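Q: Okay, here's what each chain looks like letter by letter:
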Amino acid sequence: MFVLLWDVIPCPGGKVVHVPDGFFNAVTSVSAGVVAAAGVAVCLRGARRELDDRTAPMAGLVAAFIFAVQMLNFPVAAGTSGHLLGGALAAILVGPYTGVLCMAVVLLVQGVFFADGGLTALGINITIMGLVTVLVGWAVFRLVSGLARGRGGVTLAAFLAALISVPAAALVFTLLFWIGGTAPIEVSAVAAAMGGVHLLIGIGEGAITAATVGAVLAVRPDLVYGARGLAKPLELRGAGGGSTAVGAPEPVAGEPRGGYRPFLLGGLGVTLVLAGLVSFVASPDPDGLEAVAETHGFSGRAAHHSFGRWALADYGEVGGIPVGIAGVVGVGLVLLVAGAVAYAARRRNKIRV
Amino acid sequence: MNSLEVRQLAYAYPDGTQALFGVDLSIARGERVALLGPNGAGKTTLVMHLNGILTAGHGTVTVAGTPVGKDTLKEVRQRVGLVFQDPDDQLFMPTVRDDVAFGPANAGLRGAELDRVVEDALARVGMLEAADRPPHHLSFGQRRRVAVATVLAMRPEILVLDEPSSNLDPAARRELAEILRSLDVTVLMVTHDLPYALELCERSLILSGGVIAADGPTRELLADADLLARHRLELPYGFAIPAV
Amino acid sequence: MGAGHHHQLYLPGVSVAHRLPPQCKLLAVLAFAIVVVATPREWFWAFAAYAVLLGAVAAAGRVPASHVARRMVIEVPFVLFAVLIPVIGMGERVSVLGLSLSLEGLWAAWNILAKATLGVVASILLAATTEPRVILLGAQRLRLPSLLVQIAMFMLRYMDVILDEMRRMRVARESRGFEARNARHIPVIARSAGALFIRSYERGERVHLAMLSRGYTGQMPIMADMSASAAQWGTALALPAAALAVLGLSALGLT
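Residue numbers (this note's numbering), protein chains in the order written: chain R, 1087 to 1439; chain U, 6 to 249; chain L, 3 to 257.
Take the hints with a grain of salt, since some may be wrong.
[What the hints assert, rightly or not] If you want a taste of the chain R side facing chain U, the calculated C-beta under 7 Å gives, among others: (1) Arg1134; (2) Asp1308; (3) Leu1322.
Derived by calculation from the structure, the hints in this document are not laboratory data. Bear in mind that the values here come from a model prediction, so they are computed numbers and not experimental data. Where is the CB? At the ideal position from N, CA and C, for every residue including glycine.
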């Protein structure tokens, strides 16, 4: 409910509030943790390819920028304001791999140093606000900017990328809540609340992202990832005032060596991990501590369950749909997004600005 | 052999604007030379070629006989100590000690020897008591001095300073001048603080229009009002070149 | 000089907790959080015991309760949300003080509040007794990827600088009479954000150049040795061990 909250209740200091400990059950937290770890691992390698030995200072500074920008209030409707998440913006400005790293570091720092977000919820927070926003934002950006060329196309792509990334994150949050949230609230109510509000916030995020990307394009187009230019031949001026030309123009590379294949493979790998863990959840033999937590914590009705019997039916009762289908829907969503990224990445044309 | 030799250096920025149109200069060992010029003349750009940060589109740079190239970068960067204009760019470690140790540690020093080198460099700039403090707790002048120490710790052949006196209060300015005078290295100082250049450097170069437009004793250059005016240089109000 | 409110989390001092190596404390807090989250919500005594344990840690670290309390403000939005849950929750309802509240919702609210609060207090105690960069070094020793740790180090180092720039830009805007009130003002905010990005990026480039100028070849040099003795590990892990013991006792005590 991180976003819903700050619209209903003004947040102190203009902070984005992250999911705390205890909000999701252990299994979901762990699964999300594995997904987050896998995603970050893939991006560590990818970012190094994008930026080489500049990765640490560049990503660090961009992370500091994202942290600062998350404090930006933008007016959403009369009297209410929203906050920038920054995932799509990060992806467009520094590329998806580095973007994920920056978001992950911001969330880690907020969780560990500022107690903003539970330590056990880091996986969830990084998955939703790091992986999903960047993945979706980048996929949409590549799709749209591939179709609409020029500076206008880039700006439109930035707007749509950011716009869609916010409700996408909200959707994944709802999905995770459906699978493992500990609060007994109607999932459809959550979905409706998240969807409506986040579409509005998505518009704000889209507007700010598009305008920011445009502002950077206007001053330093070489800093917008994927937008590069050609170099002119050099001129030598002699003492007598004459000049000669030396050197030849060289195109500057825009994509990391190896392209986005590792990114896609990583995305599919993450999907498989998620699927695998969902099936673990469905297994009838969970390990002892979790079973204790689940049988006593989840089902408010019966106080006793035997250890061996996994509360699959109780899971199903949350939201009223069997967990298997919830899992399939979740996996399907990730596959869809991964597929969109694959499609977008096939278009290898550089963006001409 | 000369500390620094630059021949026909030409360079253009990524967006296409050409900055340097064939720069030639030589600096002998032990000299203190000022590089003057208006804002935007390309002084900082030139200086970044000296340790291979920027690769020239054309021309060569040689440091104490070693040409600057892809395979000599490690050596060149130990020989050329570049102090940037903004100390915050240069002090990126959590404590002063870590920052000063960064350079020699990269060169392979460890343990007691590393500590000795660090403390020696800090002592030379008078910042030894601040060794364990975070850089952002220091004043600007102190950070400037620590930035110099980070470079001194590498025992460079030539110390290149970019606007060393900018934003310093008069006391800090004087302290820095004393430190620079006490050092036994070749010094190249990029500055538009003409009195500072006169105070510390016997020789000056004027970079203008992407080439070296003048090269001579500082005193002579500063006395030539015409020359200064042509290259947008001005002596501060009320400043008269002191008689020798 | 740029010391933002973030730095107030660290409380400099000399204590048992301050002296422990960071990797021990980090692992201890993480393990403790895991035990707390895995505790079934009905076991009230367990949660009370956890709170006592944290009190002991605070005492060991000489962290005053006021310090902790002030920083718990971060939790306020979730407290408010937790209060809402019983109102909008589903299922069987009970009457409390005249209000019809969801029973399941009350349990869920308690569950979230208890665990989130314990987690937040543990984090605050960790931050109070360990400097941020030291925590990062500890994370590195715990095998968190070195690149990630370096990125975090740069982020921490320059957070103040960036926030300062943002503040200066806001002051400049407001000095010229600008205040963001509706969507028409988004372009102005965005231009500031764009300028801030360019400045951050260029500073990142300059920092990288400064690193190169001092011989950086892609690997940060190892400059400090920070190994922990078995005794230190023992001291730190006493917290999660005690929590685990509480959990075990509760499991045996309540069937």
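Q: Could you run down the list of hints and mark each one as holding or not?
A: Against the structure, the hints:
1. Arg1134: Violated, because the Cβ-Cβ distance from Arg1134 of chain R to chain U comes to roughly 19 Å (cut-off 7 Å).
2. Asp1308: Given a least distance of 5 Å, the restraint on Asp1308 of chain R holds.
3. Leu1322: It holds, given that the least Cβ distance between Leu1322 of chain R and chain U is near 4 Å, below 7 Å.
Violated hints amount to a single one, hint 1; each of the other numbered hints is respected by the structure.
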